[in-house]
Amino acid sequence: MNWLSLIGVSLVVLLLFLYEWSKMDHTQVKEKRTFIFLLAGVWLIAVMLIFFPDVSGPIDLITFLFRPMENFL
Amino acid sequence: METGKISASQMAFMMYPVVIATGIVIIPSITANYAGQDMWLSPIFASLMGVLVIFVALKLHQLYPGHTIIEYSVSIIGKVPGKVLGFIYLYFYLLMNAGGTRIYADFVTGAFFKETPLFVILTTIMLVSSFAVRGGIEVVGRSAEMIVPVYVIVLTILCILLVADLNPKNIFPIFPDGPMPSLKGAYTPQSWFAEFFLIAFLLPYVKDVQKAGKWGMISLGAVLLGFLATNLSLLFLFGGELTARFNYPLLDAVRYISIAEFIQHMESLVMAIWVAGTFVKLAVVHFALVIGTAQWLNLSDYKPLVFPLGFLTVLVSIWGISSEMESAHYSGTVFPSFSLVVQTIIPLLLLVIAIVRKKNLG
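Keeping their order, the protein sequence lines are chains A and B. The C-terminal position of the first sequence is numbered 73 in UniProt numbering, with every residue numbered one higher than the one before it. The C-terminal position of the second sequence is numbered 362 in UniProt numbering, with every residue numbered one higher than the one before it.
Note that these hints are calculated values from the structure, not bench results. Glycine included, C-beta positions come from ideal geometry on N, C-alpha and C. A couple of the hints might just be wrong.
Cβ-Cβ distance ranges computed for the label pairs, FRET-style [what the hints assert, rightly or not]:
#	chain 1	residue 1	chain 2	residue 2	range
1	A	K30	B	V356	52 to 62 Å
2	B	F262	A	L6	27 to 37 Å
3	B	M146	A	S10	32 to 42 Å
4	A	M48	B	P117	14 to 24 Å
5	A	P58	B	I157	35 to 45 Å
6	A	S5	B	Q264	36 to 46 Å
With the hints as constraints, model all of the structure from the sequences given.
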């Protein structure tokens, strides 16, 4: 099941890449770099979440930071 | 970067579902939990926050016309602190949209598609919204203009159909324990009203910007009316205590509608406007996130970022939140504090610093 999800996520990332890459022209170097970086990052996060779904995320950070406010309510 | 323009009225249509779409379904029960039968007063207090943030966003835009907050935060507090602040805003809107997507998906899987995996619901709505954002702000504005009137009409019809079952006596006594419970109940909705600060990302693309204040207030008034109508209907139907026990009280109220055993199963209408409204909401917030990111990185085009960031939003919405309980806790108590800091206090400070700086210069 995990490996199937991995293939699925990779396929989605590949499709996004193919869809967007053909639309950028060769002068947009910085845009291309950002796009690749973001897509690779998103793919890595997705793969990480498939195999370790309980990793603390960005929302946990905020929950941790704003916990003291709860006592006030 | 974005060459499209919207009108001030389109901005109002875009902002309405940003607040109402997720708010109307989960907020009444959170408010009722704190405020009991004073739950109808809470949105009135909370809307003052909306007035404040609209004022701040407009003032800031007057000082730096044609710029979004990502750009003028650099002009106001300097390059490095400005970029750090910009990052906080992007982080906030990423989390806000992830939270919105999650509320939507929890609702749809919890109430209708019980067997469908969560990620299917999450990705499909995000994909549609991403396509709208990729089409530019005009596409988002026009879809809002098309969907929101239907949304308002359906919501009004639903409230009218409930009238026969309402018991207005539930409102009494008013203020049984003083005004504190209703103020506490306003804490969660204030963060939804503060989402009006999103106009800080839309104002540079508004054609008739001098009308933006008026239309912003109209939108705010419509949102307040929407919250008042639902909170009062729920209060009159269930009373404060029972409303607090439902996860999605509006849905349960609408399931209750049965006129001559003929007009029934209106929850399908709730579902329909819910999906359409969430689509607009996610598209507007996603637009702000994407255009903000492109400006933060000084890119010439924001379109390549739309799908990767949409994917990231979906991931964040499941990252570290395993259950609906946890997600509801985050939206109800953690997010309002985060919003208070990012959408209200920081912009106010920015405005003060900007005014002082402009005075010193001239």
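To see whether the hints hold, each was checked on the structure:
1. A/K30 x B/V356: 52 to 62 Å: violated (35 Å)
2. B/F262 x A/L6: 27 to 37 Å: violated (51 Å)
3. B/M146 x A/S10: 32 to 42 Å: Hint holds: Cβ distance 36 Å, inside 32 to 42 Å.
4. A/M48 x B/P117: 14 to 24 Å: holds (19 Å)
5. A/P58 x B/I157: 35 to 45 Å: Given about 39 Å between the Cβ atoms, the range holds.
6. A/S5 x B/Q264: 36 to 46 Å: Because 40 Å falls inside the window, the suggested range holds.
Checked against the numbered hints above, the structure violates hints 1 and 2; every other hint is satisfied.
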